[in-house]
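We have chain A; now place chain B onto it with these hints.
Number of protein chains: 2
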Amino acid sequence: METQIKQGFFAERAALNMTDYLVFDYLFETVDDPEAAAAHLCQEQSTAQWKRVGVDEDLREQFGAKVIDLRVEGTAERASYPLPGAEDSPVSRCRVKIAHPHGNFGPKLPNMMTAALGEGAFYSPGIATIKLMDIEFPDDYLHTFEGPKFGVQGFRDLLAVYDRPLFFGVVKPNIGLAPDDFAALAYEAYLGGLDIAKDDEMQLDTPWSPTPERAAKTGQARAEAERITGEKKLYLANITDEVDRLLELHDVAVDNGAGAVMINALTTGLSAIRMLRRRNRVPLVSHFDFIAPFTHISYFGVHSALVTKLQRLVGFDVIIFPGFGSRMKTPDDEVIASVTACLEPWGNIKPALPVPAGSQWAGSTGELYRRLGTVDFGIVPGRAVFEHPLGPRGGAASLRQGWEAVVAGQSLEAYAENHEALRAALASR
Amino acid sequence: METQIKQGFFAERAALNMTDYLVFDYLFETVDDPEAAAAHLCQEQSTAQWKRVGVDEDLREQFGAKVIDLRVEGTAERASYPLPGAEDSPVSRCRVKIAHPHGNFGPKLPNMMTAALGEGAFYSPGIATIKLMDIEFPDDYLHTFEGPKFGVQGFRDLLAVYDRPLFFGVVKPNIGLAPDDFAALAYEAYLGGLDIAKDDEMQLDTPWSPTPERAAKTGQARAEAERITGEKKLYLANITDEVDRLLELHDVAVDNGAGAVMINALTTGLSAIRMLRRRNRVPLVSHFDFIAPFTHISYFGVHSALVTKLQRLVGFDVIIFPGFGSRMKTPDDEVIASVTACLEPWGNIKPALPVPAGSQWAGSTGELYRRLGTVDFGIVPGRAVFEHPLGPRGGAASLRQGWEAVVAGQSLEAYAENHEALRAALASR
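Taken in order, these protein sequences are the chains called A and B.
Be aware that the first sequence starts at 1300, since it is given in the numbering used here, and climbs by one per residue.
Be aware that the second sequence starts at 1300, since it is given in the numbering used here, and climbs by one per residue.
Isolated chain A, as found in the complex (with noise of 0.2 Å):
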């Protein structure tokens, strides 16, 4: 049994049109022989049952996926999170590289998610636990998806800001203000510095704050901003609702005074991102709600960045993530490959700015800028500008100054001698 199940599921990368395939890269604990439980992982993903009753055919060759690679990283005693009526097996734990032919599916999301998240991945016989790590596509699958329409470039060139990281505000309270009451507290904080001030994740279209009023004043405050400034600035709305709404809040925020519209594209699904993509006329902004349920175990599920990549596939432009501290729960190795699947080179997908979120504030900024190495992210701190002890617009100047202290060379604590809302902020933590 276990030799015919291993028959048509396995072959060599350079044997294959690797033009024809996605490669899903997942990690795994079997209480069977390892490749037999790939070969397994192949054929329930792909062709279960690949010939008719009395037919002399083979599926397999041109729809069965195939293991291109099999590493047993080590064993246990037990698997991490029990195999129902295998609770005391020992188990192999692997790694495998699957080559699925795409042309099973095509260039749709939820046909790929079926196929890589689906009932054959995750109820494959004996394997305990498994977690998709990664997927790798060719350059011509790629091509059929538009990715960012604006880019980090893009995105930096409607603010005109080219040398630092940008700075994000949600404004708080997120939940409660009228629309007057949001644009002021937004006035305030574009006049200290912030370059986009933010609707919370659960901001939306409501009776007490309807979408076309809360951009049309704050589209304004925004526009009085920089007439005084002289600086560009954004106003970020989320237009998260059912499906069918989106065009038509995208349309509402942007012609009422919003230069960007936010999404929390894991309630609504990646493929609705895509819908708007063909119409955008605005940058593009995810948020991460939903997406610990299925990433946030370390052997199961999906890999964060994984989904980050799917996330600037669908045409995000920026990127908003679980970042580093332990208020987010997530390992440092996570934020720093997400970050990567924003910016890395890919295909004619453009980057999309990486924002890792969480209990930012002043002194957020040079940390990330030390362990990023570059200046293409943003920070998108709350309660650091909005609950200021000098209010949000010495909150959002904190947010400059300590950004002006790591161009200074200096320590947070040295510039905020001479820099009242940074010597503030320092004061309240």
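Think of the hints as simulated: they come from the structure by calculation, not from any bench.
Glycine included, each C-beta is placed from N, C-alpha and C at the ideal position.
Accuracy of the hints is not assured; some may be wrong.
[Stated by the list, open to error] Taking lysine-lysine pairs in the DSSO-like style, the calculated list, with each CA pair at most 30 Å apart, reads:
#1 B/1649 <-> B/1531
#2 A/1531 <-> B/1350
#3 A/1350 <-> B/1531
#4 A/1649 <-> A/1531
[As the list claims (entries may be wrong)] Here are some chain B residues the structure puts well away from chain A; computed CB gaps all over 10 Å:
#5 1311
#6 1355
#7 1461
#8 1531
Using the frame of chain A, we list chain B on its own:
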């Protein structure tokens, strides 16, 4: 600090107008004081910063989520899954009910998911593991959702079958068959007694099997089989694709001969189904691809029965989900909970037909009937029909004979003595 965080985020259920609240029911493990952790969970998922600097206001009363029930169910030396930085800290295992004012997001699924499963819920301080177990919906809120258009009764009406479980069959081989071959297999299975021939979840609109042609050929096979057998039949087309093609594919499939359509709804997003539900002319059937990554871990993510409930809420008439048996790696009580989520009375929302799936055959119907105590369910074998030694006609006949044995009060073995298809099914196991 702990006293401060607790203020404003606790309430008695009786003191709230519960018509205005959804109740989010979480399991969590915390290294902190349980009350402080629960209050943080409320704060983070609603009014994170609940006043402006220098303004005398408190947005918590109207907009704050509130703990209405908190039970510490036990303690453990460490979390089931570690909290970074507190790997060896003891935890309290808690169950909490949080009343969240639905006015914060309205009857919008992505925004409700943002509140219940977003940054606030999964990155709340001190909480190591968390799982959303259920959501209670007040009737007024339910009324803003359509639910199933047909429901169990409407689906049965299409088949004119009321007194037994329904027999779905996944046409196999699942990938690579031309429409003529596909329809020929479905035809054989219809003649053997299958009610619904369906596309595999990997079957879609492809160059080798365009949906219009597959639907047309299979629709003709269905009509011919109806004429011969005198029974009503359905062809169930998988229309999973990018969300902006769903309406078009629904129309194309139905106009050409499909009597129901399937969507791998967790890969398109549930909000896309609401869009389709405003237009569907035939029953909507869901398949569970991508459910495992966020429901499979017992102390993290989302309970699978809640996902079933949400699928009923958005309008699925038939819900296919991981069923009993080791193959599907799902605890029995979760399967039962999903069946209940489909069938229990629920305000204005019609029941959906539960289809617990996985490695089913002629014996599955009786097993399920005994466990569920109802005939309102479907089974959905693939290979048991299409790899049956006598071919699809025999495979489908074996399903019907398996149920006839139940009705006759005989064992499968006894009934098989005079029924060849069932005998062959038993022999091939």
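Each hint, compared with the structure:
no.: 1; hint: B/1649 <-> B/1531; result: holds, 23 Å
no.: 2; hint: A/1531 <-> B/1350; result: holds, 28 Å
no.: 3; hint: A/1350 <-> B/1531; result: holds, 28 Å
no.: 4; hint: A/1649 <-> A/1531; result: holds, 23 Å
no.: 5; hint: 1311; result: holds, 22 Å
no.: 6; hint: 1355; result: holds, 13 Å
no.: 7; hint: 1461; result: holds, 30 Å
no.: 8; hint: 1531; result: holds, 26 Å
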